[in-house]
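Okay, here's what each chain looks like letter by letter:
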Amino acid sequence: MVNVRIFVTYKQSVFNPQGETITDAIHSLGFSAVKKVNVGKFFDLQIEPNDKSVEEIVSQVSEQLLVNFNLETYHYEVMEEA
Amino acid sequence: MKIAVVVFPGSNCDIDLFEALHTVCGAAVEYVSHKRDNLDGFDAVMLPGGFSYGDYLRCGAIARFSNIMPAIVEFAKQGKPVFGTCNGFQILTEAGLLPGALKQNDSLKFICKTVSLTVENNQTLFTTQYKKKETIALPIAHADGSYYADEETLAELEENHQVVFRYAGENPNGSLNNIAGITNKAGNVLGMMPHPERAVEAILGNLDGLRLFKSLLENGKVTTEEAVR
Numbered sequence: 001m002v003n004v005r006i007f008v009t010y011k012q013s014v015f016n017p018q019g020e021t022i023t024d025a026i027h028s029l030g031f032s033a034v035k036k037v038n039v040g041k042f043f044d045l046q047i048e049p050n051d052k053s054v055e056e057i058v059s060q061v062s063e064q065l066l067v068n069f070n071l072e073t074y075h076y077e078v079m080e081e082a
Numbered sequence: 001m002k003i004a005v006v007v008f009p010g011s012n013c014d015i016d017l018f019e020a021l022h023t024v025c026g027a028a029v030e031y032v033s034h035k036r037d038n039l040d041g042f043d044a045v046m047l048p049g050g051f052s053y054g055d056y057l058r059c060g061a062i063a064r065f066s067n068i069m070p071a072i073v074e075f076a077k078q079g080k081p082v083f084g085t086c087n088g089f090q091i092l093t094e095a096g097l098l099p100g101a102l103k104q105n106d107s108l109k110f111i112c113k114t115v116s117l118t119v120e121n122n123q124t125l126f127t128t129q130y131k132k133k134e135t136i137a138l139p140i141a142h143a144d145g146s147y148y149a150d151e152e153t154l155a156e157l158e159e160n161h162q163v164v165f166r167y168a169g170e171n172p173n174g175s176l177n178n179i180a181g182i183t184n185k186a187g188n189v190l191g192m193m194p195h196p197e198r199a200v201e202a203i204l205g206n207l208d209g210l211r212l213f214k215s216l217l218e219n220g221k222v223t224t225e226e227a228v229r
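So the sequence lines, in the order shown, correspond to chains A and B. Heads up, the final residue of the first sequence is numbered 82 in the working numbering, and it's a clean run with no missing numbers. Heads up, the final residue of the second sequence is numbered 229 in the working numbering, and it's a clean run with no missing numbers.
Worth flagging that the hints you see were computed from the coordinates, not collected in a lab. Just so we're clear, the structure is a prediction, and the values are computed from it rather than from any experiment. No false leads were mixed into what you were given.
Computed from the model, here is a short list of chain B residues facing chain A with C-beta under 7 Å:
| hint | residue |
| --- | --- |
| 1 | Ala101 |
| 2 | Lys103 |
| 3 | Gln104 |
Taking lysine to any residue pairs in the SDA-like style, the calculated list, with each CA pair at most 20 Å apart, reads:
| hint | chain 1 | residue 1 | chain 2 | residue 2 |
| --- | --- | --- | --- | --- |
| 4 | A | Lys41 | B | Ala61 |
| 5 | A | Lys36 | B | Ser107 |
| 6 | A | Lys41 | B | Ile62 |
| 7 | A | Lys35 | B | Asp106 |
| 8 | A | Lys41 | B | Asp55 |
| 9 | B | Lys109 | A | Ala25 |
| 10 | A | Lys41 | B | Ala143 |
| 11 | A | Lys11 | B | Glu151 |
With beta-carbon atoms standing in for the labels, derived distance ranges:
| hint | chain 1 | residue 1 | chain 2 | residue 2 | range |
| --- | --- | --- | --- | --- | --- |
| 12 | B | Ser33 | A | Leu65 | 18 to 24 Å |
| 13 | A | Val34 | B | Thr153 | 30 to 36 Å |
| 14 | B | Gly10 | A | Ile26 | 32 to 38 Å |
| 15 | A | Glu55 | B | Gly96 | 20 to 26 Å |
Glycine included, every Cβ here is placed at the ideal spot set by N, Cα and C.
Working from the sequences, and respecting the hints, build out all of it.
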């Protein structure tokens, strides 16, 4: 079994209203050093590879379901082999 | 001509659409379950507002996998009228029947109020009873209604006159180009965030949505038959 974490975020060119609101809140705390926050989401998949490789499965699931390429982009990390 | 109102788990404006078409306009309408796999016998299909599949993942993203969706895609490809309001619009973008996407409102708030719209294109199946550049008022009720498309797509939408409704004055949600409703290139698929079905009777305080349905009925020659509930 392979544990994979897929990160989905807005593209840099797309306005991220949550990120902007959180940035404002961080500034309210006094951390003026923080210039930008981009909020996204992640999906943890437990994969038992069969005829397809982990890479193929992750890219196909991301492209066909988890990511809306109008707005979003993704990357993934293989966490650990369970 | 008979109209299908598709009901997904979590749809909540299906009855409003049905009543607007049947009770107010006298059209032949039938509820169609998401489980069905065909649209045989129908001449137009409408996707209602609501929160299909709990808005899980992204609004409309899961509805795309419903049994009925391949039939809707095929229906649209045949040039038959397809209409989606609110969640219905989100489903149409997720299914690739309309370009772009709907994202969270810039204010991060769920906005429920009546807004002013400009009718930008009155040459569609759905808008012939409006005047071009007419200002109308319709209710909106959404948290994820901010229309987004890349610059190239926006330019194409404008060039092809696919922007049918635009927010007039205040932009409530951050939609690019103030877009409230668009068609596909062929013009037979319309998606919009405002709710015309909530503005069809004097008792609702607003009649501006009525002409959208009447336009379609007139252009599609929809017969008046008994609705099947």
